[in-house]
Every structure is written in structure tokens, then in C-alpha cells.
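> Here are the chains, one letter per residue:
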Amino acid sequence: MNVVSLSPFDLALAALLILALAGLSWRLRIGSERQLLISAARSTVQLVLIGLVLKLLFAHAHPLWVGLLAAVMLAVAGREVMVRQKRRFVGGWGFAVGTLSMFVSSFAVTVLALLLVIGNDPWYAPQYAIPLLGMILGNTMNGISLGLDRLTQDAAEKRQIIESRLALGQDARRAIADSRREAIRVGMIPIVNAMSAAGIVSLPGMMTGQILAGTPPVEAVKYQILVMFLIAAGTGFGTMVAVSFAARRLFDERQRLRLDRLRPPQA
Amino acid sequence: MASLHLQQFATHHVGPLGLSVAAAECVCVEGASGSGKTLLLRAIADLDPHRGEARCDDAVCSAMPAPAWRRAVALVAAESQWWSELVGDHFADGVDADWLARLDLPAAAMSWQVARCSTGERQRLALLRTLMQAPAVLLLDEPTGNLDEQNTRRVESLLADYRLQRQAALLWVSHDKGQIGRVAQRHFVLDQGQLHECGRR
Numbered sequence: 001m002n003v004v005s006l007s008p009f010d011l012a013l014a015a016l017l018i019l020a021l022a023g024l025s026w027r028l029r030i031g032s033e034r035q036l037l038i039s040a041a042r043s044t045v046q047l048v049l050i051g052l053v054l055k056l057l058f059a060h061a062h063p064l065w066v067g068l069l070a071a072v073m074l075a076v077a078g079r080e081v082m083v084r085q086k087r088r089f090v091g092g093w094g095f096a097v098g099t100l101s102m103f104v105s106s107f108a109v110t111v112l113a114l115l116l117v118i119g120n121d122p123w124y125a126p127q128y129a130i131p132l133l134g135m136i137l138g139n140t141m142n143g144i145s146l147g148l149d150r151l152t153q154d155a156a157e158k159r160q161i162i163e164s165r166l167a168l169g170q171d172a173r174r175a176i177a178d179s180r181r182e183a184i185r186v187g188m189i190p191i192v193n194a195m196s197a198a199g200i201v202s203l204p205g206m207m208t209g210q211i212l213a214g215t216p217p218v219e220a221v222k223y224q225i226l227v228m229f230l231i232a233a234g235t236g237f238g239t240m241v242a243v244s245f246a247a248r249r250l251f252d253e254r255q256r257l258r259l260d261r262l263r264p265p266q267a
Numbered sequence: 001m002a003s004l005h006l007q008q009f010a011t012h013h014v015g016p017l018g019l020s021v022a023a024a025e026c027v028c029v030e031g032a033s034g035s036g037k038t039l040l041l042r043a044i045a046d047l048d049p050h051r052g053e054a055r056c057d058d059a060v061c062s063a064m065p066a067p068a069w070r071r072a073v074a075l076v077a078a079e080s081q082w083w084s085e086l087v088g089d090h091f092a093d094g095v096d097a098d099w100l101a102r103l104d105l106p107a108a109a110m111s112w113q114v115a116r117c118s119t120g121e122r123q124r125l126a127l128l129r130t131l132m133q134a135p136a137v138l139l140l141d142e143p144t145g146n147l148d149e150q151n152t153r154r155v156e157s158l159l160a161d162y163r164l165q166r167q168a169a170l171l172w173v174s175h176d177k178g179q180i181g182r183v184a185q186r187h188f189v190l191d192q193g194q195l196h197e198c199g200r201r
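Heads up: the protein sequence lines correspond to chains A and B, in order. Residues 1 to 267 in this note's numbering are what the first sequence spells out, letter by letter. Residues 1 to 201 in this note's numbering are what the second sequence spells out, letter by letter.
Derived from the structure by calculation, the hints contain no laboratory data. Honestly, I wouldn't trust all of these hints.
Claimed, not checked - Listed next, with one range per pair, are the computed distances between beta-carbon atoms:
| id | chain 1 | residue 1 | chain 2 | residue 2 | range |
| --- | --- | --- | --- | --- | --- |
| 1 | A | Leu37 | B | Ala92 | 54 to 60 Å |
| 2 | A | Leu28 | B | Gly34 | 45 to 51 Å |
| 3 | A | Gln46 | B | Ala63 | 33 to 39 Å |
| 4 | A | Ala197 | B | Glu79 | 30 to 36 Å |
| 5 | B | Pro106 | A | Gly91 | 19 to 25 Å |
Stated by the list, open to error - Chain A regions said to be covered by chain B (calculated; three or more residues, Cβ under 8 Å):
| id | segment |
| --- | --- |
| 6 | 27-41 |
| 7 | 136-148 |
For every residue, glycine included, the Cβ atom is placed at its ideal position computed from N, Cα and C.
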């Protein structure tokens with residue numbers, strides 16, 4: 001392994017690119033410079049922190065600590081799904097719909113992969129568990145937030161159509177079926193695209209990282225394929241669970257469409 | 001054979017009110033826009049939360065599965081809605097050719113694209129779509145709102161025959177005094193959330 005260790009100076013050079021981009025955005029009055037700088041700073045701080053946390057965690061591989069970090073990651077992802085919704089469910093449901101679905105799919109897929117595919121001892125070894133969970137969670141989060149956003153938007157736009165179908169005696173499941181199908185499809189677009197383009201259009205980030213860090217390409221590819229499949233499963237199942245769950249929650253026990261359960265879009 | 005009964009029925013700013021529509025009876029409701037006529041019909045169809053109880057003969061709304069109630073007590077909205085490409089896709093059980101003809105629609109209407117139908121054609125087709133499910137009670141929200149005089153009369157005559165043949169109860173929201181005079185046995189004004197009867201004919 002001949003890892004070229006990066007010095008702070010190397011990173012500062014890359015940061016100059018971000019500064020230049022921000023400067024151009026300011027100059028052209030595009031107005032994204034603030035957002036750009038803040039998010040760049042955020043990602044630096046967050047990554048440094050997680051680096052330190054992982055270093056500590058690898059030294060003390062106790063299941064409790066691994067579980068705790070996993071729970072924090074899940075909560076942050078759940079919050080992210082919630083705030084990205086244009087019309088989210090009011091009350092605790094806004095957080096619960098996405099978080100529960102991510103928990104069901106991401107955790108199940110990760111644990112399955114750790115136990116059956118990787119078979120490390122102990123199975124919760126943080127070197128494997130945390131990066132895998134992170135990648136699956138990150139992608140599932142995207143699928144779920146796209147899917148939920150599409151479902152609630154669609155239901156709001158097609159309110160009259162859905163209510164007409166209810167008035168004709170269709171049950172809630174059938175009345176919302178078109179929107180539900182469309183939302184699941186939309187939620188799965190990114191991962192389907194990523195799988196189709198992998199290796200031709202893009203070299204996936206994880207594989208690139210492994211190769212840069214000195215892993216033989218074929219080993220890196222095998223891991224990438226594994227991760228792709230896990231991500232696809234996590235995203236697909238997660239999106240289906242979240243969208244179906246939300247589609248149910250849009251109706252009450254008398255199968256009335258209850259758009260008052262959604263927060264109106266914020267200006 | 002079916003009658004509609006409302007007891008202590010209230011939704012949003014409408015009610016609480018009571019109303020009975022007998023089998024084979026047509027009751028009209030008029031009222032200023034915003035008085036809640038549509039809200040009342042929506043609540044009777046159990047599309048909006050409401051207090052009080054609605055009954056169709058002896059069947060109580062809250063004791064029935066909502067889809068079954070809505071097939072029995074069918075709302076025809078003022079603006080017709082379509083979710084599929086072709087008109088025929090919305091008629092699961094086909095359509096009565098005689099009814100089509102009575103509303104001046106050709107048999108070929110089933111293969112029309114919804115997007116190419118006029119508003120009036122859509123309104124007549126939406127009414128047939130609901131009638132094909134043989135509801136016992138009809139909640140009609142301005143069913144002739146987009147129709148010319150001739151088609152208005154065609155719809156009125158079809159609904160009158162349906163009401164008498166099936167002994168159906170009709171609750172009909174209309175703005176048109178002439179129409180109310182033609183179709184209603186009793187007629188109410190909805191004002192301040194209450195129904196006021198306008199003298200028997």
C-alpha cells in the first residue's frame with residue numbers, strides 16, 4: 001500500500017477552487033456564494049469530526065458505541081428527509097415517516113450484508129459497519145425524500161381527481177395508486193441511473209477512494225458492486241416503505257383524503 | 001328504493017341541520033356562493049369530516065365501509081375529473097347506450113380522448129359514469145352548470161326517469177330558479193349554515 005498522505009497544504013489548494021467559485025458567484029451576482037462557503041465549511045468540520053469519532057470507535061469496538069453512532073446517523077438522515085419536503089406531514093409524522101422507513105430498510109440491508117456477505121468477526125466491526133451503513137443510509141435518504149416529496153406534491157395537485165375516484169366508491173389505495181407508483185419510480189431514478197452509468201460515465205466515489213488509497217482495482221470493483229447492490233436494495237425497499245406508509249397516512253379511517261395532515265409549502 | 005336522512009349533521013360552518021329526502025323525491029338547495037352547498041354535499045358523501053349522522057334508509061354512514069357508502073350515496077362534483085387517457089377507461093362496467101343517446105352523445109364517445117372533450121361533454125359523461133354504478137341517492141352539485149338549454153333539459157329528463165324508475169333520492173344544488181321549479185318537489189335555501197324551506201309546491 002503506497003498511500004500518498006495529503007498534507008493540509010494540499011487540501012488548502014483544493015479549497016482555493018471553492019473560494020474562486022464563490023468569488024465568481026459574487027462577481028456575477030448569482031448569490032450562491034454564501035451557501036457554497038457555508039456548506040464547504042460544514043462538510044470540512046463534519047468530516048474532520050467523524051474522522052476523529054471513527055478513530056476513537058475503531059480503537060474501542062463496543063457494540064453500544066457502534067449502535068449509538070448508527071442511531072445518530074439515522075436521526076440526522078431523518079431530519080434531512082423531513083426538511084427537504086415541500087409539504088411535509090404535520091407533527092411527529094413528518095420526522096417519523098422517513099426515519100422509520102430508513103431504519104427498516106437501511107439497517108436491515110446493512111446487518112444482512114455484515115452477517116451474510118462480509119462475515120467479519122465481530123459482525124459489528126465499525127470499520128465495516130459504519131461506512132456501509134453510511135453509504136446505504138445516504139442513498140436511501142435521497143430516494144425517500146424524492147419519493148415522499150413527489151407523493152405529497154402529486155396528492156395536493158391531484159386532490160380533485162383523487163376525491164372524484166373516492167366519490168365513485170374506489171378505496172383509498174386505488175384512488176392514490178397512480179401517485180404512489182409514480183413516487184416510487186421517481187425515488188428509484190438516482191440509483192438506477194448510478195448503476196447504469198457506473199464505470200462508464202462515472203467511477204463511483206467509494207471505489208475511487210479505495211483505488212487512491214492503494215487497493216488493487218479488482219478488489220475495489222468487487223466491493224463497489226456489493227455496495228451498489230446494497231444501496232439499490234436499501235433505496236428501493238426504503239422508498240417503497242416510505243411512500244406506501246405516507247400514502248396511507250394521507251387518508252383517515254373513513255378513507256377521506258386528508259391534505260390538512262400536510263404542512264402548506266413554505267414561501 | 002332509498003331515502004336519505006341527516007340528523008344533527010354539521011361540517012365546517014354548515015349545520016347542525018336535519019333533512020330527509022324521501023325515495024323518488026328531488027330536493028333542491030340553493031344559496032349564495034360560499035354558503036357551503038358544496039361542503040354539505042361533500043360531507044354527506046363522507047369526503048369531509050363531519051358531526052352528526054347520515055343514513056340511507058336504515059344503513060348508517062359511520063357503520064358502513066366508506067367506499068360502499070359512497071357507491072350508495074354518490075356525489076357528482078361540479079367539475080368533472082378524469083384520470084385516464086380515454087373516456088371508456090373510466091367506465092369499468094361499460095355504459096348504457098340508451099342513456100348515452102338521451103344525453104346526445106354518440107356510442108363512439110367511449111373511445112374519445114378525455115382531453116379533446118368539451119367541458120359540457122365531460123359533465124354529461126361524468127354524470128353517466130356515476131349513474132352506471134346505480135347509486136340509491138344522488139348528490140348533484142350543479143349538474144347542468146356547463147350545459148346549454150337543450151342539454152340541460154336532456155339531463156333533467158334523464159335524472160327524472162332515473163329517480164322514478166329506481167326510486168332514488170336526489171339532493172340537487174342549483175342556481176337556476178327555472179330549473180328548481182322544473183325538477184324539485186321541495187326546495188331549500190342554505191344561509192348562515194342552516195336550510196330554510198321555500199314553501200311546498
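> Okay, which hints does this one fail, numbers in order?
3, 4, 5, 6, 7
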